[in-house]
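Engineer: Going line by line, the protein sequences match chains A and B. No gaps in the numbering here: position 53 of the first sequence is 69 in my numbering, and each next residue is one more. No gaps in the numbering here: position 159 of the second sequence is 162 in my numbering, and each next residue is one more.
Treat the hints with care, since some could be wrong.
[What the hints assert, rightly or not] When the alpha-carbon atoms are kept at most 27 Å apart in a straight line, the in silico DSSO-like pairs for lysine-lysine are as follows:
| hint | chain 1 | residue 1 | chain 2 | residue 2 |
| --- | --- | --- | --- | --- |
| 1 | A | K78 | A | K131 |
| 2 | B | K11 | A | K287 |
| 3 | B | K130 | A | K262 |
| 4 | A | K287 | B | K54 |
| 5 | B | K16 | B | K267 |
| 6 | B | K238 | B | K11 |
| 7 | B | K270 | B | K130 |
| 8 | A | K274 | A | K262 |
| 9 | B | K130 | A | K287 |
| 10 | A | K287 | B | K222 |
| 11 | B | K270 | A | K262 |
| 12 | A | K133 | A | K57 |
| 13 | A | K405 | B | K54 |
| 14 | B | K238 | A | K262 |
| 15 | A | K95 | A | K65 |
| 16 | A | K364 | A | K348 |
| 17 | B | K269 | A | K262 |
| 18 | A | K423 | B | K54 |
| 19 | B | K19 | B | K95 |
| 20 | B | K222 | A | K262 |
[To be verified] In silico contact screen, one side only, chain A against chain B (beta carbon under 10 Å); selected entries:
| hint | residue |
| --- | --- |
| 21 | A81 |
| 22 | I83 |
| 23 | T102 |
| 24 | Y156 |
| 25 | V237 |
| 26 | F396 |
Simulated from the structure, these hints should not be mistaken for laboratory data. The structure presented is a predicted model; accordingly, all values stated were derived computationally and were not measured. Positions of the beta carbon are idealized from the N, C-alpha and C atoms, including for glycine.
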Amino acid sequence: MKQTILFLTAILLAYVSYAQNTEVCQTCTWTSLKEAIAHAKDFDTIYVKKGTYKEYNINIDKPLAIIGQDYPVIDGELKGEIITITSDNVRVDGLFIINVGSSYTEDYAAIRVRKSKHFTIQNVVLEKMFFGIYIEKSNYGRIFHNKVIGDAVEEYNSGNGIQLWYSNYIDIEHNYVEHVRDGIYLEFSNNCIIKNNVSAENLRYGLHFMFSNDDVYQDNVFENNGAGVAVMFSKKIKMLNNTFQKNWGTASYGMLLKEINDAEIRGNTFKENTIGINIEGSNRIEYKNNNFTNNGWAIKVRGACYGNHFLENNFLYNSFDISYNSKVNDNKFDKNYWSNYTGYDLNKDGIGDVPYRPVKLFSYIVNRTPETIILLRSLFIDIIDFSEKVSPVFTPDNLLDHNPLTKQIVW
Amino acid sequence: MPLLPFYKKIMLKILKYSFYDLMRSRWSYVYFAFYLLLGIVLLFLNNNLSKAVITLMNVIIVLVPLIGTIFGVMYYYNSKEFTELLLAQPLKRSSIFLGQYLGVAISLSLSLILGLGIPFVFYGLFKSNAIWDFSLLLITESFLTFIFTALAFNIALSQVNKIKGFGFAILLWLFLAIIYDGLFLMSLILFEEYPLDKLSLVGTLLNPIDLSRTLILLKLDISALLGYTGAIFKKFFGTNFGLIISFVTLIIWVVLPVTRIIFKAKKKDF
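Next comes chain A alone, as it looks inside the complex (with noise of 0.2 Å):
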């Protein structure tokens, strides 16, 4: 191992003293980056100064670092994609990329990378795009600290702001997208990381999962989304630690999960979200250290869902805990805090002595008939509620915590 290290970074300082550095301005020899591109041999760094560059399909064939100075503007004028990648070793760098054209026919993008390697893009500003940064068919890449700024009205015309598709082992961290269709999305991709980012006021999801495995995300903040985070079709995703907030409206989510096996749901805040968890076919997936604040359904589950475990969550004030639409539970409610648990606590253990039912009758009934929720709040679903509590007759009468908290958690 350590001699491999020493025979990389030897041929890597091999390139490095071979390595040379062009600078492209108006005054410069090469004033276009497709210029200082087309001149530059392998390894060297383009160093792109301050001022406005009107160009579009810049295609970067070589491994090339490419460092903007004092943010220079590259334009595209609406005319198409702006820069493609399409060599291993490239590194872009604090560039401001503008008007990249849309399309009916094709995904253009501020900057595209197509089966690549090693790659890393930094310090990007993206406005006024379509696509912003789309990944195809590449692997091991870097995107850090970029922000993506899209101005998306309709989600039939609008693209993503970081796309990856079937591409894996991508670091995506501190990051910040806001008003594109979906934040960031992820189409066959597996082992990537998403850290510390925030999705803002997208139109369609935060984040999105499809059809990608053993992922982590964890920190990343979604709030004000059409819905937070979609997670569809996908195996041993990791989500920690995000908050997903303010994902209000009739057809809103905090999470979205569809089809997830084998996940993990942990220390994360789910904050004044319509629904906070819309969960359906859904298996073995464990939901720790979550809270569910303020929300107006905590956790909606819409069927074929088997072997969850909820254990030590906080459900704080959330107008109804957990929704079902079956009077069949395999899933296991353990030990989480409920804020409308009216049970005692006689041996002062923490732990209450009566089992809560999370489960309300008029959330049963509004599933059955959503039309029903005008009743919300009449005195009528009170006392109906109330007498299902004391006998449950149609809500799943094994759906109980039996170790309700009495205090809320804290970690």
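With the hints as your guide, set chain B onto chain A.
Structural biologist: Chain B only, in chain A's frame:
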């Protein structure tokens, strides 16, 4: 100064008398103090005007009709002897009863508006954007007071027996506040295979308590919970047309029982 017709003057005089009579009796103050306390406690517990409005609505939407009903029946039976004395005078019957009714309804609404208004104003209502929701709450609740007092007067006028009168009044409140919702829910579940938008809209419009609740809920943040149904409701109640329709319905709910009071009072043999 334009001279008011004689009967109107009399009505105003009786209104004034009933109003001061209620003000002198401790009940108005108790009622006022109760709302004052409720407002203060809610604001203290919630620390949030918008949330306090929701909780407040939860409590008073059933309480206001109940108190209106009971007060109405109680006042009528209590002042029966005085009414009979008035009837011996050459006065118009409708002005006597309308005066009494308005006296009760106005004093109750005033206790409600002042009792809830004072703590909310001190908490900074005018600077918050909950002011419209809160005003809507006060307006609809005042309507409910007028409606249920009128209904109570109707029952009391038709029933000589006090116990029966009270029984009917409580039953009426029970029906509109609770049983109606039960029947409504049953019919929604029963006809779940059919499109229910119209049915649920009509069902809501027919009951003043449900109508007030829906009007307030739709104005609040919580309306996003109502989902698809909420969208339909919002489309209806959110427009000026819907708002006008709902207020017209509330006004009809006041006018109909009041007309019956006048009609019944004219015919009644004392």
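Engineer: Does each hint hold? Answer for all of them.
Structural biologist: Results for each hint:
A C-alpha spacing of about 13 Å is found between K78 of chain A and K131 of chain A, which places the hinted pair at or below 27 Å, so the restraint holds. Between K11 of chain B and K287 of chain A the alpha-carbon distance is near 58 Å, which puts this suggested pair outside the 27 Å criterion. Between K130 of chain B and K262 of chain A the alpha-carbon distance is near 23 Å, which keeps this suggested pair within the 27 Å criterion. With a C-alpha separation of about 16 Å, the suggested pair K287 of chain A and K54 of chain B falls inside the 27 Å cut-off, and the hint holds.
Under the criterion of a C-alpha separation no larger than 27 Å, the hint pairing K16 of chain B with K267 of chain B is consistent with the structure, at around 21 Å. Proposed proximity of K238 of chain B and K11 of chain B is contradicted: the alpha carbons are some 42 Å apart, above 27 Å. A C-alpha spacing of about 52 Å is found between K270 of chain B and K130 of chain B, which places the hinted pair above 27 Å, so the restraint is violated. For the hint pairing K274 of chain A with K262 of chain A, the CA-to-CA distance comes to about 21 Å; that is within 27 Å, so the pair holds.
Simply put, K130 of chain B and K287 of chain A have alpha-carbon atoms about 26 Å apart, close enough for the 27 Å limit, and the pair holds. For a cut-off of 27 Å, the pair hint linking K287 of chain A to K222 of chain B stands: about 21 Å separates their Cα positions. The suggested pairing of K270 of chain B with K262 of chain A is violated, with an alpha-carbon distance near 61 Å, which exceeds 27 Å. Of the supplied pair hints, the one linking K133 of chain A and K57 of chain A holds, its CA atoms being roughly 18 Å apart against a limit of 27 Å.
With a C-alpha separation of about 25 Å, the suggested pairing of K405 of chain A with K54 of chain B holds against the 27 Å cut-off. Straight-line distance between C-alpha atoms of K238 of chain B and K262 of chain A comes to about 23 Å, which keeps the hinted pair within the 27 Å bound. Of the pairs offered as hints, the one joining K95 of chain A and K65 of chain A holds, with about 23 Å between alpha carbons and a cut-off of 27 Å not exceeded. The straight-line distance between the Cα atoms of K364 of chain A and K348 of chain A is roughly 24 Å, inside the 27 Å bound, and the hint therefore holds.
Between K269 of chain B and K262 of chain A the CA atoms are separated by roughly 59 Å; this puts the pair beyond 27 Å, and the hint is violated. As the CA atoms of K423 of chain A and K54 of chain B are separated by approximately 23 Å, the hinted pair is consistent with the 27 Å bound. Under the criterion of a C-alpha separation no larger than 27 Å, the hint pairing K19 of chain B with K95 of chain B is consistent with the structure, at around 16 Å. Among the hinted pairs, K222 of chain B with K262 of chain A is consistent with the structure: their alpha-carbon atoms are about 18 Å apart, no more than 27 Å.
Here the hint on A81 of chain A is broken, as its CB sits about 48 Å from the closest CB of chain B, past 10 Å. The closest approach between the C-beta of I83 of chain A and any C-beta of chain B is roughly 46 Å, which is over the 10 Å cut-off, so the hint fails. Contact between T102 of chain A and chain B, as hinted, is not supported at the beta carbon level, the nearest pair being about 46 Å apart and thus beyond 10 Å. Interface restraint check: Y156 of chain A against chain B, minimum CB-CB distance 42 Å, threshold 10 Å, status violated.
A least Cβ separation of about 21 Å between V237 of chain A and chain B goes past the 10 Å threshold, and the interface hint is therefore violated. Nearest Cβ of chain B to the Cβ of F396 of chain A: about 4 Å, under the 10 Å cut. The hint holds.
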